[in-house]
Amino acid sequence: MWENAAAEPIEPPAAHPEQELRMSGVDWLRVNLQRVFALPTPAVDWLLMLYGAIQVFDDFADGDPVEREDLNAVIWNTLVGMNQNTFWLSNSNNLAPLVATMILKWQASDQAERAGKADARSFVWRAGYYDVVLMVVALCHGTQRATADASSVLGLYGEKFEDYMKEFSHA
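The sequence shown runs 1 to 171 under my numbering.
If you are wondering where the hints come from, they were derived from the structure by calculation, not from laboratory data. Some hints here could point you the wrong way.
Unchecked claim - Cut-off 27 Å, straight-line C-alpha distance, at most; resulting in silico cross-link-like pairs (DSS-like, lysine-lysine): (1) Lys-160 x Lys-105; (2) Lys-166 x Lys-105; (3) Lys-117 x Lys-166; (4) Lys-105 x Lys-117; (5) Lys-160 x Lys-117.
Said to hold, decoys possible - What follows is a set of in silico ranges between Cβ atoms, one per label pair, in the way DEER data are often shown: (6) Gly-142 x Glu-67: 35 to 41 Å; (7) Lys-117 x Val-26: 27 to 33 Å; (8) Gly-116 x Pro-40: 39 to 45 Å; (9) Gly-142 x Pro-65: 40 to 46 Å; (10) Gln-107 x Arg-35: 31 to 37 Å; (11) Gly-25 x Glu-162: 17 to 23 Å.
Glycine included, each C-beta is placed from N, C-alpha and C at the ideal position.
Turn these sequences into a full structure, and let the hints guide you.
So, in structure tokens, the structure goes:
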């Protein structure tokens, strides 16, 4: 069923305000990773732990409030959970360089933002998580499927460039 079918992400919760109370952004991401991209549970779990970690780290770096429950989850997931995940254990040689690149790109983007030089390049570089998602699709389903699904993976990125730039127009 999933062999050659190109994926199409389910619309994010913000597209349907009446449903926002029923599905968080993380739940929406989980549904897409499971149903649209047909990723196995360990891959989805690992991707969601990574997503949670980068969200908390970004909030902390920006001086935004971080809930204690979120911090506790990230501490556990980054030091224990992600490292014991069976998908990570089987694919860490392929994933570790991408995670490292994602971090370096986020740091460069963050430096540009803090220097008042936010632009389209910093916007793109802060979205390295979706490079990792695309590689997970390739590892699970092959490069042909990943190529067919690449634009749909890109569609998972919910932030709009205009909204990103508005964050810095008042700084």
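Status of each hint after checking the structure:
Taken as a hint, the Lys-160 and Lys-105 pair is honoured in the structure, with Cα atoms around 18 Å apart against an allowance of 27 Å. With a CA separation close to 21 Å, the supplied pair Lys-166 and Lys-105 stays within the 27 Å bound. Distance restraint check for Lys-117 and Lys-166: the Cα-Cα separation of roughly 13 Å lies within the 27 Å cut-off, and the hinted pair is therefore satisfied. The straight-line distance between the Cα atoms of Lys-105 and Lys-117 is roughly 15 Å, inside the 27 Å bound, and the hint therefore holds.
For the proposed pair Lys-160 and Lys-117, the alpha carbon gap of about 18 Å is at most 27 Å, so the pair holds. Separation of Gly-142 from Glu-67 is about 39 Å and conforms to the stated range, judged on CB atoms against 35 to 41 Å. Take Lys-117 and Val-26: their Cβ atoms lie about 30 Å apart, and the range 27 to 33 Å holds. Taking 39 to 45 Å as the suggested C-beta distance range, the pair Gly-116 and Pro-40 conforms, at roughly 43 Å.
Take Gly-142 and Pro-65: their Cβ atoms lie about 42 Å apart, and the range 40 to 46 Å holds. At roughly 33 Å, the beta carbons of Gln-107 and Arg-35 sit within the given window of 31 to 37 Å. The beta-carbon spacing between Gly-25 and Glu-162, approximately 19 Å, falls within the hinted interval of 17 to 23 Å.
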